[in-house]
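Enquirer: Chain by chain, the residues run as shown.
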Amino acid sequence: MRTLRVGPVSTRVDVASVVCSLVAWLLTLAVGALSLTLGDYRIPLPLVLETLSGHGTLILNDIVVNGRLPRVLVGIGVGTAFAVSGAIFQRLARNPLVSPDLIGVNAGAALAAVLMITVLGSGWIPAGALLGSLLSAIVVYLLAYRDGISGYRLVLVGIGVTAIISSVTAYLLTLADIYAAKSAVQWLAGSLAGRTWTHVVLIGAALVVLLPAALAGARQLRLLELGDDLARTLAGRVELSRGLLILVGVALAALATAAAGPIAFVALVAPQLARRLVAERVAGLLAAGALGALLVVVSDLVAREIFAPTQLPVGIVTAFLGAPYLLILMARANRIGRGG
Amino acid sequence: MRLRAAGLLLCVAVLAVSVLLSLSIGNQHFGAHDVYLALADFSGSDNDRVIRYLRVPRTAAGLLAGAALGLAGALMQGVTRNPLADPGILGVNAGAALAVVGAIGVLGVHSLTGYVWFAMGGALVATVVVYLVGAIGRGGATPVKLALAGAAISALLGSVTSAITLLDLSTLNEFRFWVVGSLTLATGPVIGQAVPFIAVGIVLALVLGRSLNQLALGDELARSLGTRVMLVRVMAGLAVVVLAGTATAIAGPIGFLGLAVPHVARTLVGADYRWILPWSMVLAPVVLLLADVVGRLVARPSELQVGIITAVIGAPVFIALVRRRRMAAL
Amino acid sequence: MLRKSVLPVLLLGLLAGCGTPTADNPPGSTITVKNCGIDVTVAGPPKRVFAAYQPAIEMAHALGISDRLVGTAYLDAEVLPEYAGAQAKAKYYKNLPSREELLAANPDFVLSGFNDVFSAGGGSDESFGSRKSLAELGVQTWIFSPLCPTADGKGDEAIDPASVTMDNVYADLRGLGKLFGVEDRAETVIADQEKRIAAVEAKVKNAPRPTVAILRPGLEGGGLTVSGGPDFGTVLIKQAGGVNAFADLTAKRNVKIGVEELIKRNPDYILISGCCDAALTPASTQPDVDKLLANPAFQNLKAVRNKHVVPWLFANHSAGVRGAYTTEDIAKTIHPDLFK
Numbered sequence: 001m002r003t004l005r006v007g008p009v010s011t012r013v014d015v016a017s018v019v020c021s022l023v024a025w026l027l028t029l030a031v032g033a034l035s036l037t038l039g040d041y042r043i044p045l046p047l048v049l050e051t052l053s054g055h056g057t058l059i060l061n062d063i064v065v066n067g068r069l070p071r072v073l074v075g076i077g078v079g080t081a082f083a084v085s086g087a088i089f090q091r092l093a094r095n096p097l098v099s100p101d102l103i104g105v106n107a108g109a110a111l112a113a114v115l116m117i118t119v120l121g122s123g124w125i126p127a128g129a130l131l132g133s134l135l136s137a138i139v140v141y142l143l144a145y146r147d148g149i150s151g152y153r154l155v156l157v158g159i160g161v162t163a164i165i166s167s168v169t170a171y172l173l174t175l176a177d178i179y180a181a182k183s184a185v186q187w188l189a190g191s192l193a194g195r196t197w198t199h200v201v202l203i204g205a206a207l208v209v210l211l212p213a214a215l216a217g218a219r220q221l222r223l224l225e226l227g228d229d230l231a232r233t234l235a236g237r238v239e240l241s242r243g244l245l246i247l248v249g250v251a252l253a254a255l256a257t258a259a260a261g262p263i264a265f266v267a268l269v270a271p272q273l274a275r276r277l278v279a280e281r282v283a284g285l286l287a288a289g290a291l292g293a294l295l296v297v298v299s300d301l302v303a304r305e306i307f308a309p310t311q312l313p314v315g316i317v318t319a320f321l322g323a324p325y326l327l328i329l330m331a332r333a334n335r336i337g338r339g340g
Numbered sequence: 001m002r003l004r005a006a007g008l009l010l011c012v013a014v015l016a017v018s019v020l021l022s023l024s025i026g027n028q029h030f031g032a033h034d035v036y037l038a039l040a041d042f043s044g045s046d047n048d049r050v051i052r053y054l055r056v057p058r059t060a061a062g063l064l065a066g067a068a069l070g071l072a073g074a075l076m077q078g079v080t081r082n083p084l085a086d087p088g089i090l091g092v093n094a095g096a097a098l099a100v101v102g103a104i105g106v107l108g109v110h111s112l113t114g115y116v117w118f119a120m121g122g123a124l125v126a127t128v129v130v131y132l133v134g135a136i137g138r139g140g141a142t143p144v145k146l147a148l149a150g151a152a153i154s155a156l157l158g159s160v161t162s163a164i165t166l167l168d169l170s171t172l173n174e175f176r177f178w179v180v181g182s183l184t185l186a187t188g189p190v191i192g193q194a195v196p197f198i199a200v201g202i203v204l205a206l207v208l209g210r211s212l213n214q215l216a217l218g219d220e221l222a223r224s225l226g227t228r229v230m231l232v233r234v235m236a237g238l239a240v241v242v243l244a245g246t247a248t249a250i251a252g253p254i255g256f257l258g259l260a261v262p263h264v265a266r267t268l269v270g271a272d273y274r275w276i277l278p279w280s281m282v283l284a285p286v287v288l289l290l291a292d293v294v295g296r297l298v299a300r301p302s303e304l305q306v307g308i309i310t311a312v313i314g315a316p317v318f319i320a321l322v323r324r325r326r327m328a329a330l
Numbered sequence: 001m002l003r004k005s006v007l008p009v010l011l012l013g014l015l016a017g018c019g020t021p022t023a024d025n026p027p028g029s030t031i032t033v034k035n036c037g038i039d040v041t042v043a044g045p046p047k048r049v050f051a052a053y054q055p056a057i058e059m060a061h062a063l064g065i066s067d068r069l070v071g072t073a074y075l076d077a078e079v080l081p082e083y084a085g086a087q088a089k090a091k092y093y094k095n096l097p098s099r100e101e102l103l104a105a106n107p108d109f110v111l112s113g114f115n116d117v118f119s120a121g122g123g124s125d126e127s128f129g130s131r132k133s134l135a136e137l138g139v140q141t142w143i144f145s146p147l148c149p150t151a152d153g154k155g156d157e158a159i160d161p162a163s164v165t166m167d168n169v170y171a172d173l174r175g176l177g178k179l180f181g182v183e184d185r186a187e188t189v190i191a192d193q194e195k196r197i198a199a200v201e202a203k204v205k206n207a208p209r210p211t212v213a214i215l216r217p218g219l220e221g222g223g224l225t226v227s228g229g230p231d232f233g234t235v236l237i238k239q240a241g242g243v244n245a246f247a248d249l250t251a252k253r254n255v256k257i258g259v260e261e262l263i264k265r266n267p268d269y270i271l272i273s274g275c276c277d278a279a280l281t282p283a284s285t286q287p288d289v290d291k292l293l294a295n296p297a298f299q300n301l302k303a304v305r306n307k308h309v310v311p312w313l314f315a316n317h318s319a320g321v322r323g324a325y326t327t328e329d330i331a332k333t334i335h336p337d338l339f340k
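Chains as they are written, first to last, in the UniProt record's numbering: chain A, 1 to 340; chain D, 1 to 330; chain W, 1 to 340.
Some hints could be false.
[Claimed, not checked] With beta-carbon atoms standing in for the labels, derived distance ranges:
1. ALA191/W / VAL298/D: 48 to 54 Å
2. TYR145/A / ALA271/D: 27 to 33 Å
3. ARG265/W / GLY7/D: 42 to 48 Å
4. GLN299/W / LEU20/D: 22 to 28 Å
5. ARG223/D / VAL209/A: 38 to 44 Å
6. GLN193/D / THR188/W: 55 to 61 Å
7. ASP168/D / LEU215/A: 40 to 46 Å
8. LYS302/W / GLN193/D: 44 to 50 Å
9. THR310/A / GLN193/D: 46 to 52 Å
10. LEU80/W / ARG300/D: 36 to 42 Å
If you're looking for bench data, these hints aren't it; they were derived computationally from the structure.
Each residue gets a CB set at the ideal place from its N, CA and C atoms; glycine is no exception.
Pulled out of the complex, with its shape left as it was, chain A reads as follows:
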């Protein structure tokens, strides 16, 4: 019965998903354009456009093309990546609270980044953060593996590993001088400040490679959603696609964290919003990605302007926006008890 309904449902949803994504993308672009005009150096929109077309002064060019534009683009990229990663994890674990934030991916990246900022004082942070997040993800996965992977065990082991890593991170912060410590705390909160075209290339390349993989996996994901019992006929392939999806999800979160630090709650909130807007039971990866981008770009604008000229890291704002939603979500997430 159910399988029969999958076809029509998915078609209908795809339309809604596309519309939702489009609207979110348009809003993202509008906010992005606004972001290009605001800052410590006020530049009206016509001048921004002039600069973008290559006719600005050297300084305008530096501020708009080398400063604000990559910042907005990195924001869009990491927002998309976090949200898609979150959507994948939430699908796999069938648990709205399972997000890469909680399973150790971010903690490893954070430790590596803080190590580089405070102790080594050198190196390209995204590279170290990427390495750190992959390592910690592998450790969590191995520790949680026991005749297969259970979503809950993954999360709980993630919490444990995160705790150890965070305490070492906190220790490193006490070793650093206060300015390095501040810069590290800023990174830890998730920040788009000072992001360059290299970061854009990093997250862009990640999306180009991983997004299609995630979308292809989404079909499999829908099969998985029917439950392992029904999909048992495809047993081997289910395990395989589950593994690949975890890999894609971890890679997206790791690369996004490498580019912008662990921006809180985007991976958790954006897919949930997408679900509410689009439909209850369908992945809606694109919609989630679009909403993630919008969330980050809006939050960064707020973060830059609210205490100007002092800037907050974007992650603080996403946390403030995401927190109430999270509480409502947890209160409503009775399903979490299912099997746990």
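Using the hints, position chains D and W against chain A.
Expert: Frame of chain A, contents of chains D and W only:
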């Protein structure tokens, strides 16, 4: 029974040895005789001063915070029937931390005496929120739900904490040393002020042993045995907040001690909370003091804060628990 | 691509527009001075200088280029009395500006007393960007040589201890004198510094050498932060006829130690290094001095028993034109009978 009592006495003896080690080992090592002289016949020499004004306070802090965290962990595990309960996991520390940062950064409180109340208030609010959120829905406050709620709320509180510290550099500078968890934060007078709080918490906790045993049978059965389930929960919650809050105020958020030690106690004495509680109370300071002694030796001329050591020892216990138990049992 | 081709043209235009050629610098000729391994090239004396941190601000005033300051940022304490008048007229930023804010001031030269403003530091919004990236905009930069990092973009952790000398301060004065066309003034300043320091050195030549610790105020997590070997304080204490009690700790400028370590080393003098407010005076750190004096654990310290715990300033032990002043100041403290 007799064995467990004898064991407890043995634990107390081990604790006494740990105290002696904590007083004598450090940047400079002292013999037992030096320690005795410094305490009994204070001459004002360098050694006497180091022992009396540096080692004694941090040892006292270790004793108090250790006992408090061991009890708080055992209580939380008992009252939630949750083997993963710990003040760190369940967001209590994050609540205390945020309150302390708010006190430093927003209200300008700079003495540890001032922090205590904020730490306890923050611990209380976080505990209540985590429990309420975790208890909603089918199955009540299951371990997984509580752990998730704790992690999520810790993340949320952590963000607010970061925001405050980033806006004010001097707050960050105070906070970053506090948040690691260390026995050298509190001075003598502050530790003195903590004593009554911890004492009340200890009495409250030890009285609850029998009730926790009945609670372990499930709410229904406990009720039929005449236990006032709600009252026990509230009392235990109160004790946890006072113990964990005060411990956090004097030593910062020290993680995993409250998780690991009651499990060790349970392995040694069985499931009877009348024994788990006192054993946890004695064993936790042993671990904390020894961890602190290790911390003094590994990074000279600086020191490694005790919170790092307990996390490195305690978190593997947590992971082992998660792995060992079937999810259904959690 | 476009930016690259347009750059040289714009750069020339900018320099031609701003740099008014002086007599000994005929149009078209440029002056190049090496600073921390980077060629600093100007076509005529810079006209719009941004000075970041106390040592840079004081050096700018000492060189008599106060009227060319378009901005000064982040004082650690009150400036020396001889510069107070000039500083009162300068535009002051309480916090370091962001790159955008800096560029909005339209400087052609950035003089920094510390190295961290040019370090990437995890993409902190308080970084001006690397020196190379500023040079591309026609903004020349200078870091105080005793704090040269080993590579552009690096910070405090990359100081070469051999460069921590008063001679390097003189080299900076000469280099800047040449760039700014104030060589005579620079030589006057150097001569004055040399004369005053030599006078102190002569006086303390045969005196016993007490040990001096420079301590940050406050117990940080139960530990203390002291100035180690690479700190400029080591040089200044030596000139004043003392020995830095922690000179053997050479890993960093600021070193964390346990409280018991201070008791073990038992320095003769303790200078409390208060910091970071434009209105700060030594008296501001008196409360920290009192706290230290009252701590029962420290009662046997020679410095405590003899009341040789001195309220002092972080600004005093930064490399720069305070060198002579601080040498005299420390000498008066630790050799009171020689300086009656």
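Enquirer: Now tell me, hint by hint, if it's right for this structure.
Expert: Taking the hints in turn, this is what the structure says about them:
{"no.": "1", "hint": "ALA191/W / VAL298/D: 48 to 54 Å", "in the structure": "51 Å, holds"}
{"no.": "2", "hint": "TYR145/A / ALA271/D: 27 to 33 Å", "in the structure": "29 Å, holds"}
{"no.": "3", "hint": "ARG265/W / GLY7/D: 42 to 48 Å", "in the structure": "45 Å, holds"}
{"no.": "4", "hint": "GLN299/W / LEU20/D: 22 to 28 Å", "in the structure": "24 Å, holds"}
{"no.": "5", "hint": "ARG223/D / VAL209/A: 38 to 44 Å", "in the structure": "58 Å, violated"}
{"no.": "6", "hint": "GLN193/D / THR188/W: 55 to 61 Å", "in the structure": "60 Å, holds"}
{"no.": "7", "hint": "ASP168/D / LEU215/A: 40 to 46 Å", "in the structure": "44 Å, holds"}
{"no.": "8", "hint": "LYS302/W / GLN193/D: 44 to 50 Å", "in the structure": "33 Å, violated"}
{"no.": "9", "hint": "THR310/A / GLN193/D: 46 to 52 Å", "in the structure": "36 Å, violated"}
{"no.": "10", "hint": "LEU80/W / ARG300/D: 36 to 42 Å", "in the structure": "39 Å, holds"}
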